[in-house]
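A.B. asks: Below, each chain spelled out in residue letters.
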Amino acid sequence: MGSELYAYGLLAIPLFSATLIAFFFRRSGGIAAGVSIAAAALILATALHLIFKVDNFEYNASWIEIGSFSVDFGFLIDDLAKLMLFVVAFVGFLVHVFSYGYMKEDPDRGRFFGGLSIFMFSMLGLVIASGLVTLFIFWELVGFSSYMLIGFYLDKPSAAAASKKAFIVNRVGDFGFLIGIVMVFSHFGTFSLSSLAGVFHGDATLLDSASMTAIGLLLFCGTVGKSGQLPLHVWLPDAMEGPTPVSALIHAATMVAAGVFLLCRTGFLMTADALHVITWVGVATALVAGFTAIAQRDIKKILAYSTVSQLGYMVAAFGLGSLVALDGGASHGHAVVTGGVAAAMFHLTTHAFFKALLFLGSGSVIHACHHEQDIFRMGGLAKNMPITFWTFTIGLLALIGTPFITAGFYSKDAILALAYQQSAPAFFCLVLGAVLTAFYMIRLWKIAFLGSPKSENAERATENGLVMTAPLCLLAIGSALGGFVWAYPEALRPIIEVGESVAHGEHHTTVAIFSIVAWAIGLSAAWFVYQGGAEKDRLESSAKPLYQIFKEKFYFDQVYDWYIAKVQQRVAMTLHFMEQIALSGLIIRGMAGVAGLIGIGLRSLHVGNLHNYVYWFLGGLALFWALVVGIF
Amino acid sequence: MNEFSSLVQYSIAVPLFLAFITLWAKNWGRPAVQIVAVTGFAIPLILALFAWMLYNPAEPGGYAFVSDLDTGLSLIGISLHLGLNGVSLPLFVMAATVGLAAGLYAAQSKAENLHRYLFCLLVMQAGLMGVFASIDIFFFYFFHELALIPTFIMVGIWGGRDRNYAAMKMTIYLTLGAMLSLVGLIAIYVKSGAGSFDLITLKAHLAQAPLAESIQNYAFGLLLFGFGILVSLWPLHTWAPLGYGAAPSSAAMLHAGVLKKFGLYGLIQVAIPLLPNGASLWERWIVWLALGNVLIVGFIAMAQKDLKQLIGYSSVMHMGYAFLGIAAMSVLGVGGVVIMMVAHGLTVALLFMLSTMVHHRTQTFEMGEMGGLAKKAPVLAAFFVCAMMASIGLPGPGLANFWGELSIFLAVYEFKNWLIFAIVAGIVISAIYGLRAIASVFLGGESDEFVESQKEVSVVDMSWSERVPALILIILLFFVGFFPKTITESLYDSLELEPVYAKGDND
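In order, the protein sequence lines correspond to chains X and A.
Residue numbering for the first sequence follows the working numbering, starting at 1 and increasing by one per position.
Residue numbering for the second sequence follows the working numbering, starting at 1 and increasing by one per position.
I should point out that these hints are in silico values taken from the structure, not numbers from a laboratory.
No residue lacks a Cβ here, since even glycine has one placed at the ideal position from N, Cα and C.
Please note that the accuracy of each hint is not assured.
Simulated crosslink set (EDC-like; lysine to aspartate or glutamate; CA at most 16 Å straight-line) [what the hints assert, rightly or not]: (1) X/Lys53 - X/Asp78; (2) A/Lys375 - X/Asp108; (3) X/Lys53 - X/Glu4; (4) A/Lys485 - X/Glu65; (5) A/Lys375 - A/Glu446; (6) X/Lys156 - A/Glu446; (7) A/Lys376 - X/Asp155; (8) A/Lys503 - A/Asp493; (9) A/Lys305 - A/Glu213; (10) X/Lys446 - X/Asp537; (11) A/Lys375 - X/Asp106; (12) A/Lys376 - X/Asp108; (13) A/Lys375 - X/Asp155; (14) A/Lys503 - A/Glu414.
Every beta carbon over 12 Å from chain X, so not counted as near; a handful from chain A, in silico [what the hints assert, rightly or not]: (15) Tyr10; (16) Leu281; (17) His360; (18) Gly396.
Use the sequences and the hints to build the structure in full.
C.D. replies: Rendered as structure tokens:
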């Protein structure tokens, strides 16, 4: 049996599940949930088989061909794909199980689980795609499933607006991505990732050209859109309008990380100039989102900005690490995995565990509090929901990089180590980001979980059932152990190993000290500023102007809204108006206009050359014919 | 004469013949009319699918299913010369598919004088099948007129709001366009001296003795603007949204989906191969005007409040891609245009049909007076989202549209680098208006007007008689998307035969 059959199976299972639900179980939510969860379990099993029992392989089948333009449908199963496959299948399965409890009372469960299956199909396709076009196709499909699930609550206008925004903002990123793909094909005549890598391995001087920088940055546009990098990050916090399991799976652990995955897939063609831009976009995103998270009240919004910030870390990690590899003389194609790819993927993996955990934990809280999302209206949840509280705490400790015992510490250390080697300003910005992370997370934790309940909903909250707590516990284990290489099975190690060795590089102690100090400052500052179960944000009263900027998210949304209302829509209305004027103008002046035209035509008759005579003769002939046939 | 060439002949003759039977079947009652008409639409599709499976271009000029009937006009070089090549075959199948969907939808409509309405549609269908099957350019033109005239009649009689004005405007524009292109075609006939309207003969003749550049120049100009009006080239597009807005849905489906492609098809199969020098002289014009289609009309589409107008403008916008792909004059560009024509024809027909179904439920096309329809009609919402996503080129439902766009983008980049930025901007623009439409029709809360209208008409989800025609279109769209080679292989072979495109590929 060919290895590719397993890959086909990976795609067929969720597609079959989605089709089944769409055609037969739309109205029977229970069965739909069962089908979808069974599919997720089967996917996990297939993925594990593919990871552990099947060697790396590439498979291609010709899909479309017009002359030299040809696209293959194919799979590229290598270490990178296997690691990502594991993350997607594992987190995906747990989220499916959790959703069974979370969505239990929703009448539209069928649509929800169908959407999850479509998402799994698209995401798995994206991970194992062997060429840029196939990857782009699945890339668009994950965007579509995300759109569908953000807008899940059909009658909520805010959900409709958020889903629309997510799709359009992503399309802005895809604008660049698609042009990049077209340019890649035009330069190299292939879409295949492995053939492209081969071209770059053979000729390192390719990376010196300005057009390669352009291609790299255009492809990066895709990442900016999908992974919520500045300035296109605005859709991701709004995407929290979707059900919370969706936020955990799509908008925290997997889909938004697809942009980082894309960078790792195409890392070999990034020039130094492009990498500098990528690094700084990542750093700026990490900081801006970190500051914004400080002043949010909605538990999911805080986590969403935290996700944006962590994605900034991954993008910066990729940029910094690839720069290190470039400076190291060898074109980064030569190493099996560069430090950049490894550090980015390492953090992506640990982040998938703890951020999915945090989102599911917040889902557990929201579910128990009857859809209360404002942390200032919670408080005291630690007592009522012990499992959620403890697992949430583990996830939180991992996110803020608690030294030595959590996954986040090691993966963040790898990034900081690369920054220390490559660029001092980036290093200090990222350390500041770490302070912010600890600060806003402790704020959330103290206010929501400690103190006394601030609303009736919070007071009556009780722990959820096993369906919801079991996934939390499994993810908590991942969040704690995900930083240690020995915790990973052999097949997943290659990339994690490099990532870890980056963290244990020569400046290991210095970086770790900075990291621990940042952690301690952020943690203690938040500890002193906020009271457990506070009702008001103390920062609001003490640092009003600053707080205002953070609360208003650095005014990105306002600027875009202004652009849409005052520029885009006005241009559209003006053009529409002008067209209407031109129309009615023609009708009013119709007769006179026709007479004038005939005059011009007659004049040319007398001065014209032979061609004009022929022209008019034939025109007359046609007119005559039209009259006879009766068109006039 | 091929043993299967009668497939093509019957696919034209059967709808034409049954059109008259429909008039007669009125005496046997409404079901008889419906059955006869639907048969008239189903047979061409079955024949077209057979032709697709049996396609084997063994005949000279790269054609299959060739037949030549004397019409008594051989003195001036006109004969009913039918056949299909790789360019016309996919369009022929698409025309038959859209025809059946439109026919099924029309047969169950509440139109007054249903038999006459179906008569017009069947005549139109015969014309459409003929357009893509004609090798003789006189008949190519004749079949276009055969399909066009019923369109005017249907808009004028069964149309909606502003139908008289729309019918008049459509007639003036389209007749002007048709006349200009006729003059161009006659010019080629006269100037070539081949004494024949036969495309293969003309091609062979002109390959030996190309027309002088000045003649090519004006003849191509005539054809460009003639065909351009028919395809709604900016700024000659204003008839389209207006006309489609007023046209009854089946007529809009057939016109926007199929008949409109006549102009593009004429440029690809006739104008550019016969007048290659003329085409390169006019290339700049095509580019600039097509940019008007993509960017200006794209923005205008964003300002639309009427669902049908929006679809009309979006269709005009997509024609800009097609013109840009043609301007690249390479196998890839033109091939992309043909794929896009097929995908666009199916998609836009689907959108027009679904928007009429929306109208049946909301009693309006004003998007501001709808909202929240997805709750009441989830299946309709799913179909509409699928169609709109296809229209904006989202792979999945719109995989076929995506193949067309991708090939065009590549060809355009190789033709003129900078153009890529303008044309790809279209994917953002179309996402904006497309998603706005979905949101305002199906999502959010119900508008006051919609709540009001539900007091008179209760909203039900899509019935099976509505689903079947929609499914027919979607199935072919998916099929072409997932198995694009079923059309691209023969398409490539046919385009490679044209020196003007093959040359563009090797540059």
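A.B. asks: Hint by hint, say whether it matches the structure.
C.D. replies: The hints, checked one at a time:
Taking the CA atoms of lysine 53 of chain X and aspartate 78 of chain X, the gap is about 13 Å. The hint holds against a cut of 16 Å. Between the alpha carbons of lysine 375 of chain A and aspartate 108 of chain X the distance comes to roughly 10 Å, so the proposed pair stays at or under 16 Å and holds. Between lysine 53 of chain X and glutamate 4 of chain X, the direct Cα distance comes to roughly 13 Å. Compliance with the 16 Å bound is thereby established for this hinted pair. A C-alpha spacing of about 7 Å is found between lysine 485 of chain A and glutamate 65 of chain X, which places the hinted pair at or below 16 Å, so the restraint holds.
Restraint check for lysine 375 of chain A and glutamate 446 of chain A: satisfied, since their Cα atoms lie roughly 10 Å apart, inside the 16 Å limit. Only pairs whose Cα atoms come within 16 Å are accepted, and lysine 156 of chain X paired with glutamate 446 of chain A is accepted, the gap being roughly 11 Å. The hinted pair formed by lysine 376 of chain A and aspartate 155 of chain X meets the criterion: a straight-line CA distance of about 11 Å does not exceed 16 Å. For the given pair, lysine 503 of chain A sits about 14 Å from aspartate 493 of chain A by alpha-carbon distance, which is consistent with the 16 Å threshold.
Distance check on the hinted pair: lysine 305 of chain A and glutamate 213 of chain A sit about 47 Å apart at the alpha-carbon level, beyond 16 Å; violated. Between lysine 446 of chain X and aspartate 537 of chain X the CA atoms are separated by roughly 12 Å; this keeps the pair inside 16 Å, and the hint holds. Between lysine 375 of chain A and aspartate 106 of chain X the CA atoms are separated by roughly 14 Å; this keeps the pair inside 16 Å, and the hint holds. Of the supplied pair hints, the one linking lysine 376 of chain A and aspartate 108 of chain X holds, its CA atoms being roughly 13 Å apart against a limit of 16 Å.
Distance check on the hinted pair: lysine 375 of chain A and aspartate 155 of chain X sit about 8 Å apart at the alpha-carbon level, within 16 Å; holds. Between the alpha carbons of lysine 503 of chain A and glutamate 414 of chain A the distance comes to roughly 13 Å, so the proposed pair stays at or under 16 Å and holds. At roughly 27 Å, the least C-beta separation between tyrosine 10 of chain A and chain X is larger than 12 Å, which holds for a residue marked as non-interface. Remark: the non-interface label on leucine 281 of chain A is consistent with the geometry, its nearest Cβ contact in chain X lying 14 Å away (cut-off 12 Å).
The claim that histidine 360 of chain A lies off the interface holds: its Cβ sits roughly 20 Å from the closest Cβ of chain X, which is beyond the 12 Å cut-off. Consistency note on glycine 396 of chain A: stated as away from chain X, yet its beta-carbon is not over 12 Å from all of that chain's, at 5 Å minimum.
Hints 9, 18, counting from the list given before, are not met by this structure.
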